[in-house]
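Chains as they are written, first to last, in the numbering used here: chain A, 118 to 435; chain B, 118 to 435.
Possibly wrong hints are sitting among the right ones.
All copies of an identical chain are treated as equivalent in the list; a pair is satisfied when it fits inside any one copy or across any two copies.
Lysine-lysine pairs mimicking DSS-like chemistry, simulated, CA-CA at most 30 Å apart [said to hold, decoys possible]: (1) K378 with K247; (2) K169 with K242; (3) K242 with K288; (4) K288 with K378.
Quick caveat, the hints were computed from the structure, so don't treat them as lab data.
Protein chains: 2
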Amino acid sequence: MTLLLDINGADDSWSPVRWQARFQAELPHVRVARAGSETYTADEVRYAAVWKPTPGLLAQLPNLKAIFNLGAGVDAVLADATLPDVPLVRVVNADLTRRMTEYVTLHVLLHHRRLPMMLAAQREKRWDAKDQWAARAVRVGLMGLGELGRDAADVLLRLGFRVSGWSRNAKTLAGVTTYSGAAGLDAFLGATDILVVLVPLTPATRGMLNRNLFGKLARDGVLGAPVLINAGRGGLQVEADILACLDDGTLGAASLDVFEKEPLPATSALWLHPRVIVTPHNAADSDADEIARAVATQIQWHDRGEPLLHVVDRSLGY
Amino acid sequence: MTLLLDINGADDSWSPVRWQARFQAELPHVRVARAGSETYTADEVRYAAVWKPTPGLLAQLPNLKAIFNLGAGVDAVLADATLPDVPLVRVVNADLTRRMTEYVTLHVLLHHRRLPMMLAAQREKRWDAKDQWAARAVRVGLMGLGELGRDAADVLLRLGFRVSGWSRNAKTLAGVTTYSGAAGLDAFLGATDILVVLVPLTPATRGMLNRNLFGKLARDGVLGAPVLINAGRGGLQVEADILACLDDGTLGAASLDVFEKEPLPATSALWLHPRVIVTPHNAADSDADEIARAVATQIQWHDRGEPLLHVVDRSLGY
């Protein structure tokens, strides 16, 4: 039995060689092969663990039983039109969730507490002890109420923020005002001062963070103008609209971890915009050891006939 | 019966006139007078509400029953050698506690997630997707386990940090490794990557944040060098030592909300130090309306013969 790794476009700590060593340690009785670098027999491959897999490669494995994506977002896998019809599993683990909650908490607090203004004052040696509002005066809207959104909501509520959430299907969450579907979107946006985006990239969500949506955010909040925090996927956002809306006051500020094109090109005006915080798609850097362990555990379960967890619904795209 | 206000050195939202209006609204049957601006009869004053009170003023009130300080720290009141021997009450309220927890959470996350490094990379348009460690790899040490320290510990534990605490007297706190007294200080410091200071300023704590103490912090952590976050009082710290320790690597970075002299003088090298975040003593801006309500409630209780809450132990200084 072979586990085939096809891992592309990642940095050193995510090198295919390191992944191979991790998986081999977790699964000593399985042959762990890397696509392109070793000979392996296609019909011996039962499982594949991938990141941005080579289009067409997975279709050549006649006995493939399941594909494990090594991150939370499966948009790059689903982009392969020849993807075989076997279960596609995404990463859901406590470590990734905790890291995303750190990012969301940090950036919500940072805008709430006006840190960019404070840092600008510091550079000019200005002691501006401006009034600060309480967290209960700020409405945080979480777009996406999966594992990530729910965990972030819990911490934001603990800090005293007013939290609402939007999801495709109706969900209820203690302490959170929830909205759902296309019918609930405008009401959700109209009650949101800080919009936190944690939805998957699908044909339905591509480009949804545009001028039309930003124009529906609350304009009567203590922050003056609404704030966008996107830790989902760059394909969700229209960067030209973000820049134009920052400049005409439709948006007050933005924290962006993801971009239409990554790495963000040097020509992008987002880099030096005074009210944009750019981070290099590391909001929730996954712990590769934890992911390898979780995937290995699922492979062992599946071999014993137990069901896989976190299988993607291809009709929804996540 | 008169409530005398003696409020000095505060900004607009804390103006004596606004405080007078607030207290008058809460206590319609009490005469609310401002020191220095109205005639009042000294022997009619039963209560005083103060911020940085004029030395000697309170000693001239023969029938004074209690003094209410309008902030958490009473060091400025206790500095008056003629302070009459009546109960001195400090502010403890949920609003102030929540705001301090926001500040502590924001600044712990900010150093943990290397935001200063990220912002510097952004200014140079560098996409540096460096590895990020998990919160459980970072040891946050809370110096001070009163209301503020305990609330901050709760949120930091929820975020996954390893949390320890030090207090003068032994305390226990679920999930927190606690140390106490002079005997426990070195062990506490040796297990701390990010030191968060929330102790009161007393003769025993003045100047304790010095080179000797910084040199005892953990040096084997993932952050490289330890971080200081002081949201207590400026008198706790020796700023020349902070600067020297940042420059020789004893400290990695600092977030300072309080200073030896406030406003921080333009001549201070802290302003432009690349690894110092200066905020203008607004970590826990109190909601003046909430404080006025809490003080008015205590005055009403005391008039009915009920005990005062949050009375300062003058032998300890807090």
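Exercise. Looking back at the hints listed earlier, which ones does the structure fail to meet?
Worked result: 3 and 4
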